[in-house]
Each structure stands twice: as C-alpha cells, then as structure tokens.
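Q: Make a model of the complete structure from these sequences and hints.
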Amino acid sequence: MNILKNLPEMDLMRSEKMTFVQLIIPVESAHRAVSYLGELGLLQFRDLNDDKSPFQRTFVNQVKRCAEMSRKLRFFKEQIHKAGLLSSALPTLQPDVDLEALEVKLAEHEHELIEMNANSEKLQQTYNELLEFKMVLQKAGGFLVSGNSYETPEGRELDENVYPSDYPESASLLEQATQSGPSNLSGLRFISGIIPKTKILLFERMLFRATRGNLLFNQAPADDLIMDAVSSEMVEKVIFIVFFSGEQAKTKILKICEAFGANCYPVPEDLTKQSQITQEVLSRLSDLETTLDVGIRHRNAALHSIGFHLTIWMNMVKREKAVFDTLNMLNFDVTKKCLVGEGWCPIFAKTQIQEALQRATIDSNSQVGIIFHVMDAVESPPTYFRTNTFTNAYQEIVDAYGVAKYQEANPAIYTVITFPFLFAVMFGDWGHGICLLLGALILIAHERKLGSQKLGSFMEMLFGGRYVLLLMSLFSIYCGLIYNEFFSVPFHIFGASAYRCRDASCSEAQTVGLIKYRDAYPFGVDPSWRGSRSELPFLNSLKMKMSILFGVAQMNLGIMLSYFNSIFFNNSLDIRYQFVPQMIFLNSLFGYLSLLIIIKWCTGSQADLYHVMIYMFLSPFDDLGDNELFWGQRPLQIVLLMSALVAVPWMLFPKPFILRKLHTERFQGRAYGILRNSEIDTDSEPGSARHHEEEFNFSEVFVHQMIHSIEFVLGSVSNTASYLRLWALSLAHSELSTVFYEKVLLLAWGYENFLIRMVGLAVFAFATAFILLMMETLSAFLHALRLHWVEFQNKFYGGDGYKFEPFSFTAIADDED
Amino acid sequence: MGFLLTTLIFVAIGIIASLCTRICFDKGPSANLFHLTLVITATVCCWLMWAIVYLAQMNPLIVPILSEVE
Numbered sequence: 001m002n003i004l005k006n007l008p009e010m011d012l013m014r015s016e017k018m019t020f021v022q023l024i025i026p027v028e029s030a031h032r033a034v035s036y037l038g039e040l041g042l043l044q045f046r047d048l049n050d051d052k053s054p055f056q057r058t059f060v061n062q063v064k065r066c067a068e069m070s071r072k073l074r075f076f077k078e079q080i081h082k083a084g085l086l087s088s089a090l091p092t093l094q095p096d097v098d099l100e101a102l103e104v105k106l107a108e109h110e111h112e113l114i115e116m117n118a119n120s121e122k123l124q125q126t127y128n129e130l131l132e133f134k135m136v137l138q139k140a141g142g143f144l145v146s147g148n149s150y151e152t153p154e155g156r157e158l159d160e161n162v163y164p165s166d167y168p169e170s171a172s173l174l175e176q177a178t179q180s181g182p183s184n185l186s187g188l189r190f191i192s193g194i195i196p197k198t199k200i201l202l203f204e205r206m207l208f209r210a211t212r213g214n215l216l217f218n219q220a221p222a223d224d225l226i227m228d229a230v231s232s233e234m235v236e237k238v239i240f241i242v243f244f245s246g247e248q249a250k251t252k253i254l255k256i257c258e259a260f261g262a263n264c265y266p267v268p269e270d271l272t273k274q275s276q277i278t279q280e281v282l283s284r285l286s287d288l289e290t291t292l293d294v295g296i297r298h299r300n301a302a303l304h305s306i307g308f309h310l311t312i313w314m315n316m317v318k319r320e321k322a323v324f325d326t327l328n329m330l331n332f333d334v335t336k337k338c339l340v341g342e343g344w345c346p347i348f349a350k351t352q353i354q355e356a357l358q359r360a361t362i363d364s365n366s367q368v369g370i371i372f373h374v375m376d377a378v379e380s381p382p383t384y385f386r387t388n389t390f391t392n393a394y395q396e397i398v399d400a401y402g403v404a405k406y407q408e409a410n411p412a413i414y415t416v417i418t419f420p421f422l423f424a425v426m427f428g429d430w431g432h433g434i435c436l437l438l439g440a441l442i443l444i445a446h447e448r449k450l451g452s453q454k455l456g457s458f459m460e461m462l463f464g465g466r467y468v469l470l471l472m473s474l475f476s477i478y479c480g481l482i483y484n485e486f487f488s489v490p491f492h493i494f495g496a497s498a499y500r501c502r503d504a505s506c507s508e509a510q511t512v513g514l515i516k517y518r519d520a521y522p523f524g525v526d527p528s529w530r531g532s533r534s535e536l537p538f539l540n541s542l543k544m545k546m547s548i549l550f551g552v553a554q555m556n557l558g559i560m561l562s563y564f565n566s567i568f569f570n571n572s573l574d575i576r577y578q579f580v581p582q583m584i585f586l587n588s589l590f591g592y593l594s595l596l597i598i599i600k601w602c603t604g605s606q607a608d609l610y611h612v613m614i615y616m617f618l619s620p621f622d623d624l625g626d627n628e629l630f631w632g633q634r635p636l637q638i639v640l641l642m643s644a645l646v647a648v649p650w651m652l653f654p655k656p657f658i659l660r661k662l663h664t665e666r667f668q669g670r671a672y673g674i675l676r677n678s679e680i681d682t683d684s685e686p687g688s689a690r691h692h693e694e695e696f697n698f699s700e701v702f703v704h705q706m707i708h709s710i711e712f713v714l715g716s717v718s719n720t721a722s723y724l725r726l727w728a729l730s731l732a733h734s735e736l737s738t739v740f741y742e743k744v745l746l747l748a749w750g751y752e753n754f755l756i757r758m759v760g761l762a763v764f765a766f767a768t769a770f771i772l773l774m775m776e777t778l779s780a781f782l783h784a785l786r787l788h789w790v791e792f793q794n795k796f797y798g799g800d801g802y803k804f805e806p807f808s809f810t811a812i813a814d815d816e817d
Numbered sequence: 818m819g820f821l822l823t824t825l826i827f828v829a830i831g832i833i834a835s836l837c838t839r840i841c842f843d844k845g846p847s848a849n850l851f852h853l854t855l856v857i858t859a860t861v862c863c864w865l866m867w868a869i870v871y872l873a874q875m876n877p878l879i880v881p882i883l884s885e886v887e
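In the order they appear, the protein sequences are chains A and B.
With this note's numbering, the residue at position 76 of the first sequence is 76, and numbering never jumps.
With this note's numbering, the residue at position 54 of the second sequence is 871, and numbering never jumps.
Since the hints were derived computationally from the structure, they do not count as laboratory data.
C-beta: ideal position from N, C-alpha, C; glycine also.
Be aware that one or more of the hints could be misleading.
Facing chain A, according to a computed beta carbon distance under 8 Å, are these residues of chain B, among others [to be verified]:
hint, residue
1, Ala848
2, Leu850
3, Thr854
4, Leu855
5, Cys862
6, Cys863
7, Met866
8, Trp867
9, Ile869
10, Val870
11, Gln874
12, Leu878
13, Val880
14, Ser884
A: What follows is the structure, encoded as structure tokens:
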C-alpha cells in the first residue's frame with residue numbers, strides 16, 4: 001500500500017487539476033490581454049453575458065465590422081476562384097497590419113473590383129450585341145440579296161415560309177421589296193433580328209396570328225453559339241427576317257419581338273451600305289475584344305496582388321473577431337473602467353497566464369496591472385487531458401462515448417493497448433496484419449504532408465487513427481502467428497508439429513486421426529489442425545474459452561479501476577458496499593468458471609463444464625461424479641454459490657440506508673458548518689450535493705441503487721457472454737480467408753492456363769483487399785469498440801463531464817477548416 | 818519448451834522492453850509511469866494469449882483427423 005501511495009501521478013490517469021479564476025482587466029489593456037491569452041490557449045472563459053442578446057453586448061460594433069471585413073474577404077476569394085487564379089500565399093510573415101487600416105484597404109479593393117466587374121460586364125454586353133448584329137447582317141443580308149436573280153450560297157440555306165397573302169408570288173414580293181426603298185411607308189417593310197432557337201416556332205406562330213397571315217417569315221440558324229444575356233450560357237440562336245406592311249403590324253411585331261426576347265437589328269437594304277456597316281461592325285468588334293482582354297488582365301493583376309495577402313488577412317480578421325467575441329463575454333465593473341472575466345484554467349498554467357497578462361500590461365502602457373486571482377466555483381470543473389499525437393486518437397475514442405467526469409480514472413490508459421489487442425484477437429492473420437502495417441507505415445511516413453492538406457472525411461478518419469492502425473496491425477501480426485494463419489495458410493515456423501500418424505502407413509489418419517507424441521507446439525496453434533475434419537470443434541472450444549478468460553480479466557480490471565476511483569474520492573462507502581460485493585459476485589461465478597477452464601486444460605479431464613456450472617445452481621448438493629475436476633470441488637462450489645447469493649443484497653440494501661443516516665447526522669450538527677470530503681455519494685450530479693442539501697430523497701437513492709445492482713448482476717452474465725463475439729468474429733475471419741484461398745486462388749492455380757491463373761490471382765487480391773482488409777477491419781474495430789464502451793467501461797466509468805475548451809487561436813483556425 | 822520456461826521468457830522480454838522505453842523515452846516520472854503501464858499491459862496481454870493457446874493444447878481431448886485427400 002505504501003508503494004502505491006508513493007508513486008507519482010500517472011500521466012493520463014486523471015484529468016488535470018483545474019481552478020476557477022477571476023480576471024480584472026483595465027479597459028486599455030483588455031484587447032491585448034485577450035489576444036495574448038488566445039495565443040496561449042489555456043483559459044476557458046465563462047460567458048457572463050449569457051442572458052443578453054448579441055445586439056445588447058458591448059463590442060457589438062466591432063464584431064459587425066469584423067463580420068463585414070470577412071464578407072469582403074470571402075468575396076475576394078470567390079472572385080479569385082472564379083477567375084481561375086491559384087491563390088499563392090506570400091511565405092514571409094508580414095508585420096502586424098492595423099485593423100483600421102486593413103478595413104480601409106479592403107473597402108478600397110472591393111470598390112475597385114466591383115467597378116472593374118461592372119465595366120467588363122457592360123463591355124461584354126456591348127460585345128455580344130455587336131456579335132449578334134454582325135450575324136444578323138450576314139444572314140439577313142443574304143435574305144435580301146437572294147431576291148435577286150443570282151443564287152448565293154446563303155440562299156440555298158433558306159427556309160422560306162410563305163403564307164397566303166394578297167401578293168401572288170414570293171419571288172416578286174422580294175423583288176418589290178428590294179426595288180422599293182425602306183422609306184416607302186405604305187410598302188413592304190421588314191424587321192430583322194435574332195432569337196434563341198427554342199423560341200423560334202412559337203414566335204413564328206404568334207407573328208402569324210398577330211398579322212393575320214400577312215407576313216413573310218425567313219429564318220436561318222446562326223453559325224456560332226452566342227452568349228445569352230439572361231442565362232449567361234452559350235445558346236444556339238436563329239436569325240430571322242419578317243416582311244410585313246402597315247404601321248399597326250409594325251408595332252405589333254415589335255411588341256412580340258420584345259416579349260420573346262428577340263433582339264432586332266436594322267439591316268440596310270442597299271448592298272454597299274450593308275458591306276460598309278459590316279466592316280464597321282467587324283472593326284468595332286475587334287476593338288472591343290482588345291479592350292475586354294486588357295480589362296480582364298488588369299483585373300487579374302489586381303486579384304493576384306490581393307491573393308498574396310488573402311490568407312494572412314483572413315486569419316487576422318478571424319482572430320480579431322474571436323477576440324471581440326471573448327471580450328463580449330466579460331462584464332464591465334461598477335466604475336466602468338475595468339472588465340471582469342471569469343474562467344477555468346489548469347493549475348499548471350497559472351504562471352504562464354500571469355506572465356501573458358503582465359506582458360499585455362507592459363505592451364499597452366497601462367498604469368494598472370491586471371488582477372488575476374483564484375475563486376471558488378460551484379459547478380464541477382471541465383475535464384482536460386494533455387495528450388500527444390499518439391494518445392490523442394485513443395482519448396477521442398474514449399471521449400466519443402462520454403467525456404470523463406472531473407478527475408475520475410481515464411480508461412484511455414488501458415484502451416491504448418487492450419483496444420488494438422482485442423481487435424487483433426478478432427482479426428488474427430499475420431498476412432493481413434502485414435498489409436495493415438504497410439498501410440499504417442505509409443500514413444505515418446507522410447504525416448507532415450497529409451497533415452497540412454485538406455482530406456476527404458474518410459481519409460481524415462483514417463489519417464487521424466494512424467497510430468491506432470499501427471498498433472492494431474502489430475498485434476494482428478502477433479495473433480496471426482499464434483493462430484498460425486498467413487492468408488489462412490499454416491506454417492511450421494516454430495518447429496515440427498506435435499502430431500503424427502499412428503503407424504508408418506498412415507492408414508488410420510482419416511478415420512481415427514493422428515496422435516500426439518510430443519509436448520504441445522511451443523508457440524501458437526499446431527499446424528496439423530488446419531484442414532483436418534476436427535479442426536472446427538477444437539478451435540471453437542479453444543476460442544470460446546479464450547473469450548471467456550479475456551472477458552473475465554477485462555471486467556475485473558474495470559472493477560479494480562472503480563476501486564481506485566473510490567480511494568481517490570475518499571469514498572469508503574463505495575468500497576465496502578459496492579466494490580467488495582461486486583468482486584465477490586463476479587469472481588465466485590465467472591472467476592470460478594475461468595478457474596475450471598484452466599484446470600480442465602491442465603489436467604485433460606473429460607468433465608463437461610456446462611453441466612458443472614448449471615448444476616452448481618440447480619442441485620449444488622449432489623455428487624459430481626464424472627465432472628469432478630479436483631478434490632473438494634463440491635464444498636467449494638457450495639461456498640461460492642452462498643457468497644454470490646449473499647453479495648446481491650450486500651450491494652443492494654446497506655448503501656441507501658447508510659446514506660440517509662449520514663445525511664441526517666450531517667444536518668443535525670449544522671451549526672458547525674458543512675464538512676468537506678465527507679462520505680457522501682459523489683456519483684450524483686455535480687453541484688447537486690450543494691444545491692439540494694436540504695433534500696434527501698430516500699426513494700430516489702434506493703431506486704438508483706437497485707437499478708445499479710440489477711444492472712451489475714444481470715450484466716455480469718450478459719457481458720461475459722458478449723465477449724464471445726471475440727470467438728465469432730475470429731471464426732468468421734478465418735473461414736472467409738480459407739474460402740478465398742482454397743476456392744479462388746488454389747482453384748485458379750490448378751489450371752495450367754496463364755490467363756486463368758492471373759484472373760484468379762486478381763479476384764483473390766480484390767476479395768482480400770475489400771472484404772477482408774476493409775470490411776473485416778471495420779467490423780472488428782466496431783466490435784472491439786463496443787466491448788470497451790459497454791462491457792469494460794460500465795464497471796467504473798461515469799462519463800458525464802464536459803470537455804475543456806480554452807479560448808485559443810489555433811482551435812479557431814482548425815474550426816474554420 | 819515448457820510452460821514455465823516460456824513464461825519466464827515473456828517476463829524477460831517485458832523487463833527488457835520497459836528498460837528500453839525508459840532509456841529511449843525518458844520524459845519525467847509521470848510519463849515514465851504511463852509508459853511502464855503500457856508496456857506491462859502489452860506484455861500481460863501477449864503472454865495471456867500465448868498461455869491460453871498453449872494450455873489448451875497440452876492435454877487435448879480430440880486429435881486431428883485428416884480429411885479426404887483429393
């Protein structure tokens with residue numbers, strides 16, 4: 001006992017000691033103090049302004065400004081992304097830019113960018129219109145020209161729709177149109193334009209109805225795709241020309257054009273004028289192109305220069321916003337000259353925090369120092385474990401079930417080893433283990449590179465668990481050597497088998513079997529078992545008994561941890577009335593079963609253990625007969641049965657009554673003050689021991705104790721049986737492995753054909769990789785996890801604490817990503 | 818090899834592993850205790866696994882019966 005007391009505190013065993021502190025900061029050094037504390041990352045602020053809405057808080061304006069700046073920065077990022085530029089960060093650290101100057105600069109940049117964007121949009125629009133005009137000129141010019149006697153190539157493309165009208169022929173119609181000038185008011189006139197292809201039919205029909213058939217409609221598809229202004233994607237357009245007469249028809253047609261979104265362009269009838277205008281349009285188009293180009297290059301240059309500083313600016317703005325959010329959690333004191341803050345910090349960090357606060361005072365040229373002192377807190381402190389990259393994954397596995405209560409025993413110290421070990425018991429194959437090891441080593445070798453990248457969610461989980469994977473693979477190799485399975489093939493690594501034929505001719509090998517002529521195989525399962533007919537009965541018996549033994553061992557470990565918890569919290573009530581009866585109950589039944597298993601193995605007796613255990617309950621006083629494994633078994637069984645039966649009321653009844661007695665005693669002597677560290681059940685809600693001092697609800701405590709005892713008693717049977725999943729999964733893995741080896745690889749290899757062999761090898765490789773390496777790994781991982789979370793942890797773990805979340809800039813940077 | 822002999826070999830391996838860990842990763846008494854816990858847990862688990870399989874084969878109740886040779 002003395003040795004145990006003199007040992008130093010183990011690293012991850014219990015969470016760090018925390019203390020509740022109060023800070024009184026003068027206003028001028030507040031911002032700086034909070035920034036330095038953020039860099040340190042070891043103080044969790046409590047929100048003193050919980051009941052206020054975000055708009056009632058002190059620094060709401062600054063928060064709004066920061067939000068506005070980050071909006072601008074996001075806009076820049078989007079623009080850079082749209083322009084397709086890669087954001088390259090300037091590697092050197094810039095000196096701290098003042099926040100106000102940054103705000104002004106950002107506003108400038110945004111204004112500039114928006115202007116540039118608007119300009120280029122206008123230019124683009126003009127460009128599109130000119131492009132459409134050019135096409136209309138080309139095609140519509142063709143319509144008008146084809147009225148003449150000579151055929152033009154465009155003429156052949158024409159799709160003439162002639163509607164019954166007052167004029168006799170279409171050809172003469174066109175001739176009349178070309179002959180009569182466009183200024184002939186009562187004569188034939190035309191409108192030319194361009195419309196998206198999808199609308200052309202409807203457009204035509206509408207025009208026909210509107211003009212009562214008095215029109216000539218020609219269309220031709222455009223050569224290129226044109227950017228549609230509305231949907232800003234490239235669409236096919238069709239050029240049309242409508243011949244009509246009359247003023248009313250003109251207004252109707254124009255209105256219909258507008259409704260359908262067709263753009264009308266005037267085409268001169270005169271051929272020379274047409275070519276003149278076409279030249280003009282072409283030259284203007286090329287001008288615009290160059291202008292657009294220049295504009296885009298200018299904008300890209302601006303974006304590039306912004307892109308250099310973008311990450312730094314974003315980080316700065318994030319930090320400032322975080323600082324102001326934290327400042328919002330503090331209260332102004334009575335004099336309005338100081339901010340008061342409260343929070344939790346680990347005791348080892350006190351000096352560091354005081355140092356940071358001193359630096360802040362000096363740097364902000366404040367006359368008054370920052371006051372930092374310890375206070376008492378009502379609620380229970382947060383839980384903080386200082387993990388490194390290796391233990392972090394395991395702590396997260398434990399925390400996923402529930403964060404440890406303040407300073408209770410942390411299951412992670414054992415989980416580091418037992419979790420990969422139980423995984424390996426279910427996965428045992430040293431060939432597959434080597435594959436997992438290669439995977440884990442690759443992940444660890446590329447740690448630095450993969451750590452800085454952003455990975456997909458699956459890869460991120462895999463990368464986060466690389467050290468777990470490493471241990472899992474190492475233990476799998478070990479268990480594979482013990483089970484003697486290399487992709488289900490046994491080897492004679494540790495010497496010759498212990499079995500051989502009964503006689504030289506091996507005639508009875510298939511009927512009665514081999515005999516054991518030497519000591520047991522020195523390491524692992526004898527290779528003679530693989531492929532034999534009695535392999536499964538032997539291995540099943542071995543693995544089931546192994547599962548029971550591991551289960552009882554791990555559950556005993558759990559109960560021992562509850563003992564250490566009781567010693568730490570000075571809870572002798574728990575030791576006497578919970579730990580002792582629990583140990584007695586579990587071990588007199590299942591510990592005894594484990595003992596029987598070991599004795600049966602050592603002596604080679606033929607006793608039936610099922611029979612022994614069942615009749616220990618049903619008829620304990622009967623003679624054991626053939627099932628007697630050792631002398632004195634019957635009286636021992638009776639004693640164990642009695643002690644188990646006594647243990648049940650022992651864990652159920654005394655504790656609530658004693659608690660009630662203690663409670664009444666305590667509050668009879670109330671005048672003398674409340675004792676600390678008295679024997680009060682600390683399993684109850686944190687803080688309830690103080691708040692509900694007056695109430696002691698006996699029925700509640702009794703029911704709670706009853707539930708706890710029933711859970712333990714029934715749980716001991718069900719949890720022990722639950723460990724049989726170790727057998728089940730290991731059997732499944734072995735059988736799958738055998739099937740793939742024998743029925744795929746060996747079958748394919750039996751053929752002499754090279755192609756069939758290759759195909760067989762490929763199928764074997766894929767099946768092994770996906771089913772055995774991925775699916776089985778996940779399955780065994782999950783079951784090992786369940787065994788830890790439920791069967792191991794419910795013997796001692798409270799798991800109702802809350803995690804320590806300090807105000808830290810690194811945490812914010814990680815958060816955003 | 819015998820049960821006891823191999824058990825002693827496991828104990829020896831455990832002690833050597835603890836010493837190696839103490840030499841290579843000496844990071845203060847609380848961390849050392851944690852590393853020692855890990856090494857002892859691993860040694861005990863591995864020994865337990867080996868011992869169970871060894872004991873099960875010491876006095877077997879059934880023998881391998883070879884299946885039909887093709």
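Q: Hint by hint, say whether it matches the structure.
A: Hint by hint, here is what the structure shows:
Annotation: alanine 848 (chain B) was flagged as interfacial toward chain A, and the flag holds, the nearest CB pair being 5 Å apart, inside 8 Å. Because the beta carbon of leucine 850 (chain B) sits about 5 Å from the nearest beta carbon in chain A, less than 8 Å, this interface hint is met. A distance limit of 8 Å between C-beta atoms decides the matter here; for threonine 854 (chain B) the minimum to chain A is near 6 Å, and the interface restraint holds. At its closest, the beta carbon of leucine 855 (chain B) sits 6 Å from a beta carbon of chain A; the interface hint therefore holds under the 8 Å criterion.
For cysteine 862 (chain B), the shortest C-beta to C-beta distance to chain A is roughly 5 Å, which falls under 8 Å, so the interface hint holds. A distance limit of 8 Å between C-beta atoms decides the matter here; for cysteine 863 (chain B) the minimum to chain A is near 6 Å, and the interface restraint holds. Given the 8 Å rule on beta carbons, the hint for methionine 866 (chain B) holds: about 6 Å separates it from the nearest Cβ of chain A. Hint status for tryptophan 867 (chain B): holds, given a least beta-carbon distance of 6 Å to chain A, under 8 Å.
Contact between isoleucine 869 (chain B) and chain A, as hinted, is supported at the beta carbon level, the nearest pair being about 5 Å apart and thus within 8 Å. The closest approach between the C-beta of valine 870 (chain B) and any C-beta of chain A is roughly 6 Å, which is under the 8 Å cut-off, so the hint is satisfied. The beta carbon of glutamine 874 (chain B) comes within 4 Å of a beta carbon in chain A, closer than 8 Å, and the hint placing it at the interface holds. Taking 8 Å as the C-beta contact cut-off toward chain A, the hint placing leucine 878 (chain B) at the interface holds, the least distance being around 7 Å.
Against a cut-off of 8 Å between C-beta atoms, the interface hint on valine 880 (chain B) holds, since the closest Cβ of chain A lies about 4 Å away. Below 8 Å, beta-carbon pairs count as interface contacts, and serine 884 (chain B) has one with chain A at about 5 Å; its hint therefore holds.
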